[in-house]
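Enquirer: Residue strings, one per chain:
There are 2 protein chains.
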Amino acid sequence: MNAPSPAPSRERPGPETVDAVIRELTAQFGNRVVTSQAVREQHASTLTWVANQPPDAVVYAQSTEDVQAIVRVCAAHKMPVVAFGTGTSLEGHVNAPFGGISIDMSGMNKVLAVHAEDLDCVVQPGVTRKAVNEHLRDQGLFFPIDPGADASLGGMAATRASGTNAVRYGTMKDNVLSLTAVMPNGDIVRTSPRARKTSAGYDLTRLLVGSEGTFGIITELTLKLAGIPEAISAGVCPFPSIKAACDAVIVTIQSGLPVARIELLDEVQVAACNAYSKLTLPETPLLLVEFHGTDASVREQAERFGEIAAEFEGGPYEWATKAEDRTRLWQARHDVYWAAVGMRPGARVIATDVCVPISRLAECVDATKRDIVESGITAPIAGHVGDGNFHTSPLVMMDDPDEIARVTGFIERLVARAIAMEGTCTGEHGIGQKKMRFMELEHGPEALNLMRTLKRAIDPDNIMNPGKVVAV
Amino acid sequence: MNAPSPAPSRERPGPETVDAVIRELTAQFGNRVVTSQAVREQHASTLTWVANQPPDAVVYAQSTEDVQAIVRVCAAHKMPVVAFGTGTSLEGHVNAPFGGISIDMSGMNKVLAVHAEDLDCVVQPGVTRKAVNEHLRDQGLFFPIDPGADASLGGMAATRASGTNAVRYGTMKDNVLSLTAVMPNGDIVRTSPRARKTSAGYDLTRLLVGSEGTFGIITELTLKLAGIPEAISAGVCPFPSIKAACDAVIVTIQSGLPVARIELLDEVQVAACNAYSKLTLPETPLLLVEFHGTDASVREQAERFGEIAAEFEGGPYEWATKAEDRTRLWQARHDVYWAAVGMRPGARVIATDVCVPISRLAECVDATKRDIVESGITAPIAGHVGDGNFHTSPLVMMDDPDEIARVTGFIERLVARAIAMEGTCTGEHGIGQKKMRFMELEHGPEALNLMRTLKRAIDPDNIMNPGKVVAV
Chain A
1 MNAPSPAPSR
11 ERPGPETVDA
21 VIRELTAQFG
31 NRVVTSQAVR
41 EQHASTLTWV
51 ANQPPDAVVY
61 AQSTEDVQAI
71 VRVCAAHKMP
81 VVAFGTGTSL
91 EGHVNAPFGG
101 ISIDMSGMNK
111 VLAVHAEDLD
121 CVVQPGVTRK
131 AVNEHLRDQG
141 LFFPIDPGAD
151 ASLGGMAATR
161 ASGTNAVRYG
171 TMKDNVLSLT
181 AVMPNGDIVR
191 TSPRARKTSA
201 GYDLTRLLVG
211 SEGTFGIITE
221 LTLKLAGIPE
231 AISAGVCPFP
241 SIKAACDAVI
251 VTIQSGLPVA
261 RIELLDEVQV
271 AACNAYSKLT
281 LPETPLLLVE
291 FHGTDASVRE
301 QAERFGEIAA
311 EFEGGPYEWA
321 TKAEDRTRLW
331 QARHDVYWAA
341 VGMRPGARVI
351 ATDVCVPISR
361 LAECVDATKR
371 DIVESGITAP
381 IAGHVGDGNF
391 HTSPLVMMDD
401 PDEIARVTGF
411 IERLVARAIA
421 MEGTCTGEHG
431 IGQKKMRFME
441 LEHGPEALNL
451 MRTLKRAIDP
461 DNIMNPGKVV
471 AV
Chain B
1 MNAPSPAPSR
11 ERPGPETVDA
21 VIRELTAQFG
31 NRVVTSQAVR
41 EQHASTLTWV
51 ANQPPDAVVY
61 AQSTEDVQAI
71 VRVCAAHKMP
81 VVAFGTGTSL
91 EGHVNAPFGG
101 ISIDMSGMNK
111 VLAVHAEDLD
121 CVVQPGVTRK
131 AVNEHLRDQG
141 LFFPIDPGAD
151 ASLGGMAATR
161 ASGTNAVRYG
171 TMKDNVLSLT
181 AVMPNGDIVR
191 TSPRARKTSA
201 GYDLTRLLVG
211 SEGTFGIITE
221 LTLKLAGIPE
231 AISAGVCPFP
241 SIKAACDAVI
251 VTIQSGLPVA
261 RIELLDEVQV
271 AACNAYSKLT
281 LPETPLLLVE
291 FHGTDASVRE
301 QAERFGEIAA
311 EFEGGPYEWA
321 TKAEDRTRLW
331 QARHDVYWAA
341 VGMRPGARVI
351 ATDVCVPISR
361 LAECVDATKR
371 DIVESGITAP
381 IAGHVGDGNF
391 HTSPLVMMDD
401 PDEIARVTGF
411 IERLVARAIA
421 MEGTCTGEHG
431 IGQKKMRFME
441 LEHGPEALNL
451 MRTLKRAIDP
461 DNIMNPGKVV
471 AV
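Sequence order for the protein chains is A and B. Position 208 of the first sequence, counted from 1, bears residue number 208 in this note's numbering, the numbering being contiguous throughout. Position 326 of the second sequence, counted from 1, bears residue number 326 in this note's numbering, the numbering being contiguous throughout.
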């Protein structure tokens with residue numbers, strides 16, 4: 001914590017080391033160790049414009065003890081270790097810039113326990129959010145965090161994911177009760193007991209949530225659950241401008257309406273969704289809104305929201321309680337990425353993810369829209385606006401250096417704008433590789449130094465997902 | 001993180017060091033440095049049976065820069081630094097077992113900003129929860145965490161406090177958006193931007209919340225606020241047994257009733273409260289319950305709760321929406337400590353604070369009540385049972401070694417019982433000095449080693465509140 005010590009150097013292990021590690025792992029795991037080019041590249045998938053940097057090998061883990069054994073072999077050789085869930089991260093989190101071993105967690109896909117009385121469950125990290133909800137449905141329970149992609153719960157915890165429901169149910173930070181993780185020294189750490197709250201020492205759970213695999217590998221999660229609401233109403237509300245929509249969001253949140261989801265699509269994104277999902281939504285800024293509660297309360301809430309929208313010349317707010325209608329609506333929301341892809345065949349979609357205090361939201365989105373126009377780029381906007389979090393999705397032809405430069409400049413300005421408004425470069429996607437350059441601007445040198453101190457102390461040889469979050 | 005390095009020794013600084021530090025501090029702070037015995041002892045107040053261990057001097061801080069200057073002087077001399085808020089902690093948190101400087105934060109008592117649109121505010125650490133709520137009331141907002149005592153918000157963050165409202169609003173972990181803190185090297189760290197959520201790197205906010213001053217001194221807090229509910233209903237419901245009351249709590253939580261407070265008093269505590277607060281509550285296990293919402297919804301919720309209580313032979317559930325009646329009821333709840341004191345004049349009240357998964361609550365409370373009887377001690381029970389957290393308050397004559405031994409044995413068994421039920425030794429009071437001995441039992445050696453690793457890395461000279469949370 002004093003003067004930064006010289007960075008523990010991290011180099012790509014030499015070929016003898018790689019051979020030795022693969023030999024030792026193969027002796028233990030047999031054909032669960034895979035070195036084919038295709039599998040290695042698939043495990044460095046990025047879904048964005050980060051270049052693919054494959055690991056040296058992939059090992060398919062089946063238990064906490066497997067992960068411990070793999071980490072021990074790697075630690076002995078100072079070999080990088082990267083955890084892989086479903087590969088839906090957006091910032092190069094699963095890339096292996098220094099090579100190393102990718103641990104594929106997809107085989108660790110069991111729901112180990114459901115404690116319905118305690119509203120919690122215990123899962124392995126490879127369980128996806130859809131799988132856990134499928135498992136829970138008969139018991140009237142659900143896990144509310146919904147980032148869109150059918151991500152693995154281990155990956156969601158590692159990136160502090162959130163999504164459309166966060167305005168009501170919080171993020172992974174709020175919904176993980178406890179974790180089991182394998183640390184770089186091979187220790188298996190359980191971060192907390194299962195009790196609903198505790199003040200017993202340092203918050204190891206939140207130390208690991210959002211650490212993106214740079215401290216340890218999550219091998220078990222205890223998750224908070226919610227009761228499936230008795231009634232759900234959802235609907236669409238058009239607005240004359242982005243500002244009007246954002247102002248309606250502010251008043252909705254301030255007035256204490258317990259909105260479960262409140263999502264903004266700009267007119268560009270609406271057009272893309274209409275085309276991709278075969279919908280006929282009005283091509284103007286829209287809010288997609290959902291309420292959870294009793295029959296009476298969702299009706300009351302929807303009516304009050306309609307009144308608020310009308311104050312800002314929004315509306316009519318048309319809502320439905322039929323499950324099919326809601327599903328269709330949210331499928332369209334979840335498909336914004338693919339809808340954006342569909343706008344411009346051949347283009348790469350770049351995800352951005354700023355989040356600002358809600359009072360600055362209209363101003364930030366407005367300035368960003370102007371910047372999009374002035375930059376001559378195509379970038380639909382969609383956002384979890386109840387939290388002040390919005391995504392622009394610039395579309396880039398990767399063979400057009402000028403367009404790449406314009407998009408890069410746009411992203412730099414977007415992030416600087418959000419940070420100047422007391423916001424963050426990432427509300428939910430995480431830092432990974434591509435946002436590391438914004439860390440000092442956002443946190444300042446002192447906080448960044450503290451983060452480095454943590455990383456060096458926990459992982460002195462820098463074997464855990466090196467080259468992510470903070471440079472050490 | 002590898003083999004534990006030899007513990008950085010922590011000794012009481014010699015008299016020359018103490019003199020030098022006090023001289024340097026006096027040169028900077030004049031008569032804000034106080035060394036009188038009375039003031040030093042007051043700053044080591046413990047409210048419990050932990051012996052008073054006064055600091056060498058008390059300095060009254062007025063700004064973050066003051067705290068930074070004090071920490072820099074202390075760091076240069078490896079002098080311990082202990083932050084002091086209101087002295088209402090229960091585990092010897094403000095004691096100075098190695099001497100050192102107590103920084104009194106009570107002068108840092110300004111509300112720096114209220115962002116009503118964002119439902120947050122920025123306060124100095126010496127602001128108390130009642131003071132912030134007084135400040136906010138005109139704006140229809142409140143800070144929901146209520147540990148009973150009118151504690152300072154800095155202290156509440158440092159101990160990860162919660163209290164009666166936590167079942168609805170969460171704990172300090174959930175309600176601190178960002179902190180400013182002075183670290184042992186004198187760095188001023190801001191843990192997070194003010195945006196509602198972020199995935200930008202390690203969760204420094206939650207690293208500091210609950211760290212009990214052992215990592216750094218909190219000098220500013222950004223807090224989440226809630227809207228004052230349109231309507232509040234509160235009431236009392238008697239039950240034939242502790243088990244019946246606990247079972248009613250479980251069904252209430254499971255059925256998704258958004259209860260704002262649900263508190264258990266056993267018949268011993270009720271009798272004490274009746275005597276102390278001049279009430280006429282039925283002397284049987286009681287639940288005190290409160291709902292927040294609209295007029296219609298609190299009525300609906302109260303009625304549903306009454307039906308659930310009746311299923312377990314509880315009731316009648318009598319509730320009121322009048323503010324005076326509610327205030328009287330909750331004042332009685334907040335006075336349980338003083339009511340316990342009143343039961344046995346001259347006795348010390350020892351606070352306990354276990355928390356278990358709610359499914360184990362009835363079993364844990366039942367076994368604990370039996371243990372109280374078998375141990376021949378007096379110990380009323382009150383609890384935040386919606387979270388599975390309950391307090392027994394053994395009354396001890398400090399001149400009776402046999403009674404001290406019986407109470408000590410009872411506490412050991414209580415903690416072991418809670419931990420065996422996947423619970424914790426402390427739901428909200430923190431570890432301080434007296435619960436350090438339970439840390440390994442609760443967390444296991446690997447997690448405890450990780451906590452030590454964090455402490456050593458952040459505070460290598462062990463100047464920040466040494467002798468608390470973890471031994472290094």
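Worth double-checking, as some hints may not be accurate.
[Claimed, not checked] Calculated cross-link-like contacts (lysine-lysine; reagent style DSS-like; alpha-carbon spacing at most 27 Å): (1) A/K110 - A/K224; (2) A/K224 - B/K224; (3) B/K278 - B/K130; (4) B/K243 - B/K130; (5) B/K278 - A/K224; (6) A/K243 - B/K224; (7) A/K322 - A/K130; (8) B/K278 - B/K224; (9) A/K369 - A/K278.
[Stated by the list, open to error] Covered, in the sense of this in silico footprint (three residues per stretch, anywhere, with C-beta under 8 Å from a C-beta of chain A), are these stretches of chain B: (10) 132-139; (11) 265-274; (12) 312-319.
Derived by calculation from the structure, the hints in this document are not laboratory data. Just so it is clear, CB atoms sit at the ideal spot from N, CA and C, and this is done for glycine as well.
Enquirer: None of the hints should be skipped; say for each whether it holds.
Expert: Against the structure, the hints:
At most 27 Å may separate the alpha-carbon atoms for a hinted pair to count; A/K110 and A/K224 meet this at roughly 17 Å. Our distance criterion of 27 Å between C-alpha atoms is met by A/K224 and B/K224, whose separation comes to about 21 Å. A C-alpha spacing of about 24 Å is found between B/K278 and B/K130, which places the hinted pair at or below 27 Å, so the restraint holds. Of the supplied pair hints, the one linking B/K243 and B/K130 is violated, its CA atoms being roughly 34 Å apart against a limit of 27 Å.
Distance hint between B/K278 and A/K224 is unfulfilled; the C-alpha atoms sit about 40 Å from each other, more than 27 Å. Between A/K243 and B/K224, the direct Cα distance comes to roughly 24 Å. Compliance with the 27 Å bound is thereby established for this hinted pair. Simply put, A/K322 and A/K130 have alpha-carbon atoms about 20 Å apart, close enough for the 27 Å limit, and the pair holds. Distance check on the hinted pair: B/K278 and B/K224 sit about 36 Å apart at the alpha-carbon level, beyond 27 Å; violated.
About 25 Å separates the Cα atoms of A/K369 and A/K278, which keeps this hinted pair within 27 Å; it holds. Counting residues of the region 132-139 of chain B whose CB falls under 8 Å from any CB of chain A gives 0; the rule of at least 3 is not met. Using a Cβ-Cβ cut-off of 8 Å, 0 residues of the region 265-274 of chain B lie near chain A, which falls short of the minimum of three, so the contact claim is violated. Closer than 8 Å: that is the beta-carbon criterion, and the region 312-319 of chain B has 0 residues meeting it against chain A, so the requirement of 3 is violated.
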